[in-house]
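Produce the complete structure using the sequences and hints provided.
Residues per chain, in single letters:
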Amino acid sequence: MLRRVALLALVGVVALGWIGAAVEIEFWHAMSTYHQENLQVLLDKFHEEFPDITVIATYQGRYGDLEAKIGAATVAHELPVIAQVYENWVTPIQEILYPIGDYMTPAEKDNIIDGLLPSTIYDGIVKTLPFNKSIMVLYYREDLVPTPPTTWVEYVTMSAALTTGDDDGDGFPDFYGTGFRPVNPELFLNFLDQAGGDILDANWTEVLINNEAGIAAGNLVADLAPYSFITNEYMSNHFPNKLAMFIDTSAGVRYNREAAENAGVTMGVARVPAGPVTQGSMIQGTNLAIFDVDYWTEEQKQAAVVFAKFLIRDDNTVFWAIRSGYQPVTKTAYATPEWAAHVASTPDQVAMSAQMIDGFSQILHPAYGDMRNIIATAFEEILAGVATAKEALDAAAAEIELLLDE
Amino acid sequence: MAAVRSTRYYVYRESTIRVLLYLLLFAGAAVMLLPFVWMLTTSLKTSAGVLSMPPQWIPTEWKWSNYIVAWHTSPFGRYFFNSFFMSGMTTIGEVILTILAAYAFAKMKFLGRNALFTLLLGTLMIPGQMLLVPNFVTISRLGWIDTYQALIIPWLASVFAIFLLRQFFRSLPDELWDSARMDGCGRFRFLWRIMVPLAKPAIVTVAILKFIGGWNAYLWVLVMTNSELMRTVPVGLVSFSSEVGTQYELLMAASVLAILPILILYFFTQKQFIKSFARTGIK
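Sequence lines, in order, name chains A and B.
My numbering numbers the first residue of the first sequence as 1 and each following residue consecutively.
My numbering numbers the first residue of the second sequence as 1001 and each following residue consecutively.
Honestly, I wouldn't trust all of these hints.
[Said to hold, decoys possible] Pairwise CB distance ranges, derived in the manner of DEER restraints:
no., chain 1, residue 1, chain 2, residue 2, range
1, B, T1269, A, S345, 37 to 45 Å
2, A, A22, B, K1200, 52 to 60 Å
3, B, M1053, A, E48, 41 to 49 Å
[To be verified] The calculated lysine to aspartate or glutamate pairs, modelled on EDC-like cross-linking and capped at a C-alpha distance of 20 Å, are:
no., chain 1, residue 1, chain 2, residue 2
4, B, K1107, B, E1061
5, B, K1063, A, D370
6, B, K1200, B, D1174
7, B, K1109, B, D1174
8, B, K1063, A, D167
Just so you know, the hints here were simulated from the structure itself, not pulled from any lab data.
Ideal Cβ placement from N, Cα and C applies to all residues, glycine included.
The following block contains the structure:
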């Protein structure tokens, strides 16, 4: 207890800028376009409030590039003090994550929304903080979909009804009911969760992906496949001219809305259709990780804690969410007047907020990255019709079992 | 009379073939140019016009300001300088080192020559991505992270270029060296005064490929640098794209600016470029 009080006092000292020497910390991120502009606003605000801490924010390319760089920097001892990370990037190096939770009050930790907290905890300690978190929701054309589907059955039925014939004779429907990006296996993981399934059991000893729930999720994908526009490009490149509805991250709302407005149609946002067990949806986006390495001083790590906590403070997480399409990450942020006003003026946000509360995060298994690739292959095979749900998921399960054996 | 008719028929036939040939070439050129035209027109569209259906070939509203916005999105002035400097230095360095190495492998006899050459060729089989982490560690140990050394020195030698030039040198007769030696010419002088001028098409190919490769380098630059001051044009281009969408009109405006130096280089070296590729068989 005494230790915790002392540590919190230290954070307080840093937070108030009472330490003599200025501290400089490097922050690697993958925020570009609109998001980078918004991040800069937050950085400017931080520097005003904490003049003794200088955050050097460096854009490190897209997520894949940032992941590669963090991987290389780990080996070369060139990590920054703090970085944006997906959970599975740092799960294998969790022992060098700074225990941010030790410098937070219980109230601060409890304030993180329930679906996000599990993905920040390693060995019982909060070691990352959620930052740019989005949730998968259903985008649809209001002119074609007056009432969005709320169940799997409705989703399949409406997709079939909205899919047109092949007037141009290219061998494919001219317009599709829905669409999928095979590179995004989180779409399948949504269905898996909705069917009551999971990749592994709670102890991570047994593979469950090909059990009854998994096959149900796979069969849904197979049922939707004939009515699905399948592409690895952004759906906003094809919506609303090529398809009527699709499931995508809330972070893409600006691009999707622009695409609809440019085509002169109105876009709606709804919760994803419910499966037999849940109406859950996978939370996307990155956390903030501070690296507990000996080439950064304790002052720098503490300064990074201050910065991370600043970013998830109610006013800042609300600002970030309003501007970006990402979602607030704290419970009290949802109760702020600013957020209430935003929700009132932005009907899309109602469904996003409701979906976020029911969101689930990726598992923190060290081999999740490899599992994700395996699931992506199975997802693509089912969509392409080259394997049945059972065949594809049995093969995926066998491969995941090998990973567990390793 | 029959002879006149035959001549007319011949001229008619030749003209028809020529017209068909030109039509075919025109069609081919149009197909090749289409992406560039699309890039140019997209760079002048509004965001609404970029993905409109049916596609807009000519913008309904010409948005020249895309170029100004794109230019100011990132420090492109610095990026262009860095790209020029990195591409130029690596090209000069690689050409010099490649000439020396290729000549040694082609015309000089020394112990282990073939084994060493085979070893070099073997390194071509290793995917670049696999080497990224070890290279990063090496650069880090040398203290070169975020420096021009990191961007230039590792790219001063290329096994592919050595292989290409070695093959070209080998096609030149050994008698040239015999004659030069009889006239009192040393190895070094023979290389630079006789071999290099004769191998000009292959050397130009190596230089052009290197410059383009350097100009387009992305992952290496991103990984080896941290500050904006050290980044190059391709890194700037990626900043128009995110995980959830792309600002196509700005990306295309910046892309037009990015390919301008390569286009200018091509216009100035067009003849040499075509000749060198034809001589070396590179496609």
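Hint-by-hint comparison with the structure:
1. B:T1269 <-> A:S345: 37 to 45 Å: violated, 58 Å
2. A:A22 <-> B:K1200: 52 to 60 Å: holds, 57 Å
3. B:M1053 <-> A:E48: 41 to 49 Å: For E48 (chain A) against M1053 (chain B), whose Cβ atoms are near 46 Å apart, the range 41 to 49 Å holds.
4. B:K1107 <-> B:E1061: violated, 62 Å
5. B:K1063 <-> A:D370: This hinted pair is violated, its Cα atoms lying about 45 Å apart.
6. B:K1200 <-> B:D1174: holds, 18 Å
7. B:K1109 <-> B:D1174: Roughly 12 Å between the alpha carbons, so the hint for K1109 (chain B) and D1174 (chain B) holds.
8. B:K1063 <-> A:D167: Not satisfied, since the Cα-Cα distance of roughly 35 Å exceeds 20 Å.
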